[in-house]
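If you read the protein sequences in the order shown, they are chains A and B.
Read in my numbering, the first sequence has 73 at position 66, and its numbers run on one by one without any break.
Read in my numbering, the second sequence has 105 at position 98, and its numbers run on one by one without any break.
The hints are simulated quantities; they were obtained by calculation from the structure and are not laboratory data.
Take these hints with a grain of salt, some might be off.
The list treats identical chains as interchangeable, and a pair is accepted whether it falls inside one copy or across any two copies.
In the DMTMM-like style, the derived pairs of lysine to aspartate or glutamate whose C-alpha atoms are separated by at most 25 Å in a straight line are [what the hints assert, rightly or not]:
hint	residue 1	residue 2
1	K137	D164
2	K69	D194
3	K137	E9
4	K28	E13
5	K69	E168
6	K10	E191
7	K69	D164
8	K23	E9
Model, not experiment: these values are computed from the prediction.
Number of protein chains: 2
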Amino acid sequence: MEKTIERLALYRRLLKNQSGKGNTHIFSHQLAGISGYSAAIVRRDLMNIGYYGTPRHGYEIKALIDCLNVFFNKPEVKSLILVGAGNLGRALIAYFIKDKTEYNLIAAFDSDPLKVNLKYNGCPCYSLEKIPELIAASQASVGIITVPAENAQSVADLLVENKIKGILNFAPVSLTVPESVYVENVDLALMLEKVLYFSVHHREGEKKNGMT
Amino acid sequence: MEKTIERLALYRRLLKNQSGKGNTHIFSHQLAGISGYSAAIVRRDLMNIGYYGTPRHGYEIKALIDCLNVFFNKPEVKSLILVGAGNLGRALIAYFIKDKTEYNLIAAFDSDPLKVNLKYNGCPCYSLEKIPELIAASQASVGIITVPAENAQSVADLLVENKIKGILNFAPVSLTVPESVYVENVDLALMLEKVLYFSVHHREGEKKNGMT
Chain A
8 MEKTIERLAL YRRLLKNQSG KGNTHIFSHQ LAGISGYSAA IVRRDLMNIG
58 YYGTPRHGYE IKALIDCLNV FFNKPEVKSL ILVGAGNLGR ALIAYFIKDK
108 TEYNLIAAFD SDPLKVNLKY NGCPCYSLEK IPELIAASQA SVGIITVPAE
158 NAQSVADLLV ENKIKGILNF APVSLTVPES VYVENVDLAL MLEKVLYFSV
208 HHREGEKKNG MT
Chain B
8 MEKTIERLAL YRRLLKNQSG KGNTHIFSHQ LAGISGYSAA IVRRDLMNIG
58 YYGTPRHGYE IKALIDCLNV FFNKPEVKSL ILVGAGNLGR ALIAYFIKDK
108 TEYNLIAAFD SDPLKVNLKY NGCPCYSLEK IPELIAASQA SVGIITVPAE
158 NAQSVADLLV ENKIKGILNF APVSLTVPES VYVENVDLAL MLEKVLYFSV
208 HHREGEKKNG MT
């Protein structure tokens, strides 16, 4: 399920690019080529959301984007907040604030008094005490956590208490949350270690042992 | 294989934390608890690298860390570079430069003349033309790509030409590289879309259809 959502979000972005280039139709094998998945997977994913192409013309790009938008619950814009306006947090604010049509980053929060009341790329930064009030006012459903590892669980608890239903967690720590809350972990240091490892052991490693 | 490496890197970090707290031994079920994996997986992973605990005392933390260090080819410090000193790039410099013992971020590169010759958190920024020279001098094997999507493939080509063997790619685009080069993609916008989706559809979705 998670992987499907990830692929559907990717297809939507790629289709928007294609549409921007003036293309009106695309075949599953073409979408497969630019997405890096097989044509069979592409067809199955799109059948799952109820969209079928024709063998002659493939998929109609605009209609397919509309269909994906409905699937992802657009045009309703979702609100989100970010906790931890350190280096990574501020970079993510800059990164996520660009794409205003898809979601709305309404506020950042930090425990550092020097950061409170500042704006980063137009996004206001508040103290942590303001979290309940601002989540209630904005009906934000998603929180991005970019605080240090030792503070991440208490921030997650605070978000969950205030009805946040999805967390994108950059703190290198496993969060304990209720089953109804979805957490996606992005552990940048681990990802880098993996690349460092495979930059030396690539291929050899796969032959030498049967680890999966 | 990839997942195993990811878990082993995670165990190593968790074990270092435990060691820092003064603990000398740990049981597989405890390491399982803090890592979020099952005790069976933990035991299998550690057996794979040739380390066995005892039923009585579990694993000896220090020896296990040494064993993981050998596995990850330490103490040799690996060099890496970063291309694209925008918001995300600069945040990653700040993030990755802290942990100097594990790897060495030797330089950043950017096509913007205003950024060239600056230092970010002590990391010098050069023009892209300097890439061949600095990779050769430092024997960097890994490159982090944080350029816009439209420039990512040409940067990847340049890195591969200059013998980079691993790429951590933050550009929202699929890179085409030779088989011998390992690429890990971190697509932040896709991850956020996934969380936004599951913040609304969590659980329900899993019951309603059989997508995998």
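Results of checking the hints against the structure:
1. In this assembly of identical chains, the alpha carbons of K137 and D164 lie at most 25 Å apart only when taken from the same copy (15 Å versus 47 Å across copies).
2. Taking CA atoms no more than 25 Å apart as the test, K69 paired with D194 passes between copies only; the shortest distance there is 24 Å, against 35 Å inside one copy.
3. For the homomeric pair K137 and E9, neither the shortest alpha-carbon distance inside one copy (32 Å) nor that between copies (41 Å) is at most 25 Å.
4. Taking CA atoms no more than 25 Å apart as the test, K28 paired with E13 passes inside one copy only; the shortest distance there is 23 Å, against 38 Å between copies.
5. Proximity of K69 and E168 under a CA criterion of 25 Å is satisfied in neither setting, with 40 Å inside one chain copy and 38 Å between copies.
6. In this homomeric assembly, K10 and E191 come within 25 Å of each other (Cα to Cα) both inside a single copy, at 12 Å, and across copies, at 16 Å.
7. In the homo-oligomer, the alpha carbons of K69 and D164 never lie at most 25 Å apart, since the shortest distance is 41 Å inside one protomer and 32 Å across protomers.
8. When the C-alpha separation of K23 and E9 is checked against a cutoff of 25 Å, the pair qualifies only within one copy, where the shortest distance is 22 Å, while the shortest distance between copies is 31 Å.
Violated hints, in rising order: 3, 5 and 7; the structure is consistent with all others.
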